[in-house]
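Given the structure of chain A, go ahead and fit chain B onto it with the hints provided.
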Amino acid sequence: MDQTIVLLIAIANNIALLTLISLGLAIIFGMMRVINFAHGEFIMLGGYATVLSANHGINLWIAMLVVAPLTVGLIGFVVERLIIRPLYGQIITTMLATWGLSIFLIGAVTTIFGNTVLGVSAPLGNITIGVYSVSIYQLVLIAITAALVGACLFVLNRTRWGLIARGTVQNPTMASAIGIDPTRVYAMTFMAGAALSGLAGGLLAPLSGVIPQMGAAYIARAFVTVISGGSAMVIGTLSAAGILGPTVAILSYAATPVIGEAALLLLAIGLLRVLPRGISGLWQGGR
Amino acid sequence: MERLKSYAFVLPILLLAAIGPSVFEMFGLVQISNFATMALAVLGLAFVWGFLGVLSLGHAAFFGLGAYAYAITVINLNESSFAVMAAIAVPALFSVVLGYFLFFGRVSDVYLGVITLCVTLVLYNFTSATADPSYHIGAAPLGGFNGITAVPQLNWPGDAEQFLEVETTFRICLIVLALVYAALVALRRSSVGRIMVAVRESELRSELLGYDVRLYKMLGFSVSAAVAGLAGALFTAVNGYVGPSAFDLNQASQFLLWVIAGGLGGLAGPVIASFVFQYVSTYLGTSGVNTDLVFGAIIMLFVLLKVRERVPALWGRVLQFRRPARRVQAFTPSARAVESGE
Numbered sequence: 001m002d003q004t005i006v007l008l009i010a011i012a013n014n015i016a017l018l019t020l021i022s023l024g025l026a027i028i029f030g031m032m033r034v035i036n037f038a039h040g041e042f043i044m045l046g047g048y049a050t051v052l053s054a055n056h057g058i059n060l061w062i063a064m065l066v067v068a069p070l071t072v073g074l075i076g077f078v079v080e081r082l083i084i085r086p087l088y089g090q091i092i093t094t095m096l097a098t099w100g101l102s103i104f105l106i107g108a109v110t111t112i113f114g115n116t117v118l119g120v121s122a123p124l125g126n127i128t129i130g131v132y133s134v135s136i137y138q139l140v141l142i143a144i145t146a147a148l149v150g151a152c153l154f155v156l157n158r159t160r161w162g163l164i165a166r167g168t169v170q171n172p173t174m175a176s177a178i179g180i181d182p183t184r185v186y187a188m189t190f191m192a193g194a195a196l197s198g199l200a201g202g203l204l205a206p207l208s209g210v211i212p213q214m215g216a217a218y219i220a221r222a223f224v225t226v227i228s229g230g231s232a233m234v235i236g237t238l239s240a241a242g243i244l245g246p247t248v249a250i251l252s253y254a255a256t257p258v259i260g261e262a263a264l265l266l267l268a269i270g271l272l273r274v275l276p277r278g279i280s281g282l283w284q285g286g287r
Numbered sequence: 001m002e003r004l005k006s007y008a009f010v011l012p013i014l015l016l017a018a019i020g021p022s023v024f025e026m027f028g029l030v031q032i033s034n035f036a037t038m039a040l041a042v043l044g045l046a047f048v049w050g051f052l053g054v055l056s057l058g059h060a061a062f063f064g065l066g067a068y069a070y071a072i073t074v075i076n077l078n079e080s081s082f083a084v085m086a087a088i089a090v091p092a093l094f095s096v097v098l099g100y101f102l103f104f105g106r107v108s109d110v111y112l113g114v115i116t117l118c119v120t121l122v123l124y125n126f127t128s129a130t131a132d133p134s135y136h137i138g139a140a141p142l143g144g145f146n147g148i149t150a151v152p153q154l155n156w157p158g159d160a161e162q163f164l165e166v167e168t169t170f171r172i173c174l175i176v177l178a179l180v181y182a183a184l185v186a187l188r189r190s191s192v193g194r195i196m197v198a199v200r201e202s203e204l205r206s207e208l209l210g211y212d213v214r215l216y217k218m219l220g221f222s223v224s225a226a227v228a229g230l231a232g233a234l235f236t237a238v239n240g241y242v243g244p245s246a247f248d249l250n251q252a253s254q255f256l257l258w259v260i261a262g263g264l265g266g267l268a269g270p271v272i273a274s275f276v277f278q279y280v281s282t283y284l285g286t287s288g289v290n291t292d293l294v295f296g297a298i299i300m301l302f303v304l305l306k307v308r309e310r311v312p313a314l315w316g317r318v319l320q321f322r323r324p325a326r327r328v329q330a331f332t333p334s335a336r337a338v339e340s341g342e
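Residue numbers (UniProt numbering), protein chains in the order written: chain A, 1 to 287; chain B, 1 to 342.
Just so you know, the hints here were simulated from the structure itself, not pulled from any lab data.
Careful, some of the hints might be misleading.
Simulated restraints, written as ranges between beta carbons of each label pair [what the hints assert, rightly or not]: (1) Thr-111/A to Pro-157/B: 18 to 24 Å; (2) Val-274/A to Val-166/B: 47 to 53 Å; (3) Ile-129/A to Val-280/B: 52 to 58 Å.
Every residue gets a Cβ at the ideal spot worked out from N, C-alpha and C, and that includes glycine.
Bound-form chain A, shown alone (with noise of 0.2 Å):
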């Protein structure tokens, strides 16, 4: 009873996991159709700015939840402008741009903070289950995410904003015929994923510590998430979590961390081959 308790916590926080390093980059794939190399980059610096801004005195939940995707979002706007912006509607060439990107910031970081780990630790503590003791932290973020999903629809479907902007995606001409300018709603939209993307760095630092090269180790997963999620950003993305994500947290706890990785990967390259457009593809039609 309680190992089952325990491995549903478990299987529940590795759909948390997914959903959160994915969201950003779901959310500038889904609306702007491009790929951003530089994710994990973006994961990276959130978490820096988390730990770094708590090493000075700031409190750690304000670190986490403001400053991080403060700081990435700010990032983001200036790689709107001088990267995306010039090369807006060349898919692979963006894509090796923000490859560069990704590059330039794990040395830029490397120079300026060392290639070492920093770290703050994780707060509130354990509860014990049985014999089991499971961290609370871990439930918060499943309930964060939960938020955030939330919000995410919430502000797509049910504001002004985001109606603009999903008209934005399906038609950029009649939208401007209309008076909107799509390029500040591609900013907007770029900032936005950034700052999901530092949100998701900032509360993964006290899991993990931070070091320049910590992207790679989640952008595998978050790459596979969002591309088997298809084009509805954050319903796919869910949906990619929700069957990638027990299957991970299954194989993990069977067999090793490793393994549960390379099955995510195997599951997802056969779910593209029934389903090319993603899990998305299911009820969308051709887009």
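Frame of chain A; chain B shown alone:
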């Protein structure tokens, strides 16, 4: 004459192979052998990306698989000839399986890039996690993050005790580079190669003309994997070592950088770029500047300024290279169809 010209790049490589041992010290020879194996690997990517339009971000996966296959086979069998064959076969087979899912699933270019990259990262994580002695294949422990050390060098075929000298290995690396270059040029000039270029120019038209695009893409993908595997084998033989770093992002991005800098659509350009950048990289490494910082910035600059269109043209004027891709277009089925049909 025209045909001979497209093979001309073989000459400087062979010249280097001939005079190298009398010009360079031991250290220089090993270093150039290293550069040559990497240049060989980038030929595979330059081929599949430049001629077929298939951007494989996971070229390092095949390189690493070849490197590991060589190390494992040579430790178990003590005969480097079999090991080199295994290093070609393993990545080629892997690429066929992966290619089946990617090309026959008709995933888009973007997804193809992302998936090949993810495969590389997973291989990196997997090999890094094999430190436990229980992970071994025959007599070869996988060694986790430290990799496989003390891998035997190349030996004379059939005589496992007789290792090749540094000079001979140096010559073999360069001669293999020249041979593979010539083979890829020949492949491009063949009818299969022309269809591949047609696929790059327009998948739809090639398909309407009755060519199975998926098959050609898979073929090109496997050729590039085999070339990368061979390069991985030689790399391991020269260094006596292979580790997870063969699969890491740095490796993958170096291949990309060389092709972008050397010019997409050519083969000689990426080879020259690989030599130049590897030299710069060694130089930066000793001077304490962070190579990631520099190379990341260079990739961004190249892409943003679209120098990939300019640089090869400039080099072409200086070195009398022609960009083959442009000319071949006139001979592709798609272009011919346009000329006669419209």
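Structure-based check of each hint:
The hinted window of 18 to 24 Å between Thr-111/A and Pro-157/B is violated, with their beta carbons roughly 48 Å apart. Between Val-274/A and Val-166/B the Cβ separation comes to about 52 Å, which falls inside the hinted range of 47 to 53 Å. At roughly 56 Å, the beta carbons of Ile-129/A and Val-280/B sit within the given window of 52 to 58 Å.
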